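Here the protein sequences line up with chains A and B, keeping their order. Residue numbering for the first sequence follows our numbering, beginning at -6 and increasing consecutively. Residue numbering for the second sequence follows our numbering, beginning at 115 and increasing consecutively.
If you're looking for bench data, these hints aren't it; they were derived computationally from the structure. Every value quoted in this text rests on a predicted model; they were computed, and no experiment measured them. Any given hint could be a false lead.
To be verified - In silico lysine-lysine, BS3-like type, Cα no more than 25 Å apart, as pairs:
hint, chain 1, residue 1, chain 2, residue 2
1, A, Lys132, B, Lys577
2, A, Lys7, A, Lys48
3, B, Lys122, A, Lys94
Claimed, not checked - Per the computed footprint, the stretches of chain B lying under chain A, defined by three or more beta-carbons under 8 Å from a beta-carbon of chain A, are:
hint, segment
4, 251 to 262
5, 432 to 442
Built from N, CA and C at the ideal position, the CB exists for glycine as well.
Listed below, chain by chain, are the residues.
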Amino acid sequence: MVEYIIKTDKKDKKTHILRAGTPTVRLGIVYTDFNLSPETREISTEEIIDPKTNKAIAEIRLFNNGNVISINSKREELSAVTQFGEYKEGGVIVPYRRLTKAVLLSRPEYKSLEEMGITHAYFLGESSPISQVFYFERKGDISGVVYSKDSSDNNALKGLALVLAQRIEDQEFIFEFMRK
Amino acid sequence: MSSINTSKLSGRLEKLIDFRVGEGASERHQIILLEDASCPATDGTQIFLPRKVGYFVSERDNELSIANSTAHEGDHIREVETYFGAEIEALREQKANLVQEFHQRNYAELKENPALAGWIDNIVKDRRIDAQRREQLPGVRRHYEEVLAPAAEYLRPSTKGMSKLDSFREQYLQRALLGRVVDPVPNEHRNLLEEVVDLTNTADSIQRDVEVVSRIYQKFKENFDITQPISRLPSILGTGDHSQPSSGQPQQGYGKEVKPREGREKGKRPKALENGEGKLCIPSKDKNDKSGDKKEDGGIGRDAQDKTNLYEQAQTEYGIKTYIVKTQFTDDIASREEGFRERYAGEIESMKRIFRQLQLKHYGNKRDFQGQELDYEDYMQSDLEARVTRIKGNGRHFKADIRNQQRPVFGIHADVSGSTGGRIIEQIRAAFYIIGNALSTSDWNYGLYASASNLGVLKEPAKKWVDDINHNIMGLRAGGNGIYLAATSSVISEDLKKTNGSPKCLIVISDFETTGEKTQEKETAKRLQDQKIYPFYIAMGKEHEENVREMTREVGDEHYSVISTDNFHELPNEMFRLFKTYGIAR
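Make a model of the complete structure from these sequences and hints.
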């Protein structure tokens, strides 16, 4: 099981994608914290930059093609969350269960997550290389922990869609109002 | 019409408040939901929104409209915070109404008509914040130009019949907020209007408002008798309530509502507006009413109230006395019911089975759909029960229903006038008994009605089936004058319209020897169809075919069937066929 961490940084207006471990490796960086504001330079697409090469490794598209968010790499859709709440990998719908904070905290093994700011989690089935995604929010910053069944770093990018979906969806009206 | 529940958008609206007022603002400035179609407003701290919004045909337009109103009120709050500065926390601790506080501090000397001063202040502020928002956000401008402005203009009231002051106020409001005036401006007021609008446009910040409002007020004072009370003008869509100042305090006035321009400029209704009457905001009586005991979204209590009113008012509104049939428990009825139960139990069970299958096959109960949210508590409970009982649960624990779910609504109305005596009334009882009991297995809404001179409601459509209704059916007797088809159909169609579900269908069993005014009776089917209620007439007896054909001439032959005298026993099956055909397949 490989663990990836996706976290936004409100102060620097960045989003970091990390592979947890010793040492923790920074896999990608996005130059926005996905909080839309009048200063937001581009509201429809954002690139995920590899910090080593400084080149784009994938692209994040918001409110496009019936998706709230989609992650695209090499002209292919890696993952997406649709406006109907479906999660797709490679264009195929993947079943998931979304557990709310109350439900998670009712189980002893997740009680400790409360102080970390858990808001919800996704449990995915057999058809996804991701097993679970936990979503935390604290002081305007979000962080998501993506549990991957294998060591492909692409899974972190796939999980990114689920981690960011709620934040993006909540800003639907702002997006609509800002759109030219 | 596709009205939306504001509560469902709360997360997105809160983000919008953060966006307009500042980070974390949604925690300080709560959204308070008031009654349906109330006007968006603010007291400088909270944002008051209607519980339901349904101005427009499109759901998206309704969503964007309420989002725009939220942003508008958020902009008011931002300005109020700028004005009061550091003092604001202390004022909020005192639970002061900040808009009212602003008025009291600045317009107290405008003694002749403080309500007018507050009203002008609201327009000055609205003009500025809306113009700024449209400039900053292209999507807001687009929505305003394509949807809001045409609808708002269409819904403005006529100035005919208004006092000179009210008429000028309305035209000032139109010119300042919509950029144009609908009715011609009288020559004597043309220059004045330009002057006050120019003044309004100079108010580029809240600090300038006091000066600008005072000057406009002065212009009003010079040209009108402003000591007279001012009437309520409908609000302009998206800009909040102009019938009273934003202070939330009732304005001195006639209490007279100004109606929208009924019937004017026919054919110019904007496409975005729904087909019904233009809906204007209902000014809230008390925006500070924070009572949380209101029923959610027209709950059961409210529905019941609506229904009672409908039946009570049917006599005056539609000319037919309507009453809910009181259940009688006599030995005669009980023994008749027992006989029916023995005779039709098999038929009812077989119909029930088919209804269950149809419901599952076509519309479904809750199903586990990929990507839907799990009702975890339900799942855990079922899992626990399965472990204890060793019986596997059905595994459907997802909250969301399938998206194309439809719940048909039926009204079944039988003519029980004197001419239906003998075998006909017996078969009507049988049909009501069989269909009523069989349909109870579904979660569809259906109402049972019988009429002669008056209309009796045996089962209200939204009420669940209870065995007592069998007694109501058994108590049906033939007697009285003929059927008043137009009047009874109007009451039933209103009843069905107030019942959740679609498609809607009204089945009428009669000989169609109607008693009411002939032209009206003949137009009934067409009127029902126009109201999106599918009419279906069943004539009892071949000799009445000509009547029923005449009654359905405008809607088509497929809207009636005839049961010959020899086949009266087929009435329940004929109704069952209609359910399958028009309730399920359509």
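Going through the hints against the structure:
no.: 1; hint: Lys132(A) <-> Lys577(B); result: 48 Å, violated
no.: 2; hint: Lys7(A) <-> Lys48(A); result: 16 Å, holds
no.: 3; hint: Lys122(B) <-> Lys94(A); result: 19 Å, holds
no.: 4; hint: 251 to 262; result: holds (count 5)
no.: 5; hint: 432 to 442; result: violated (count 0)
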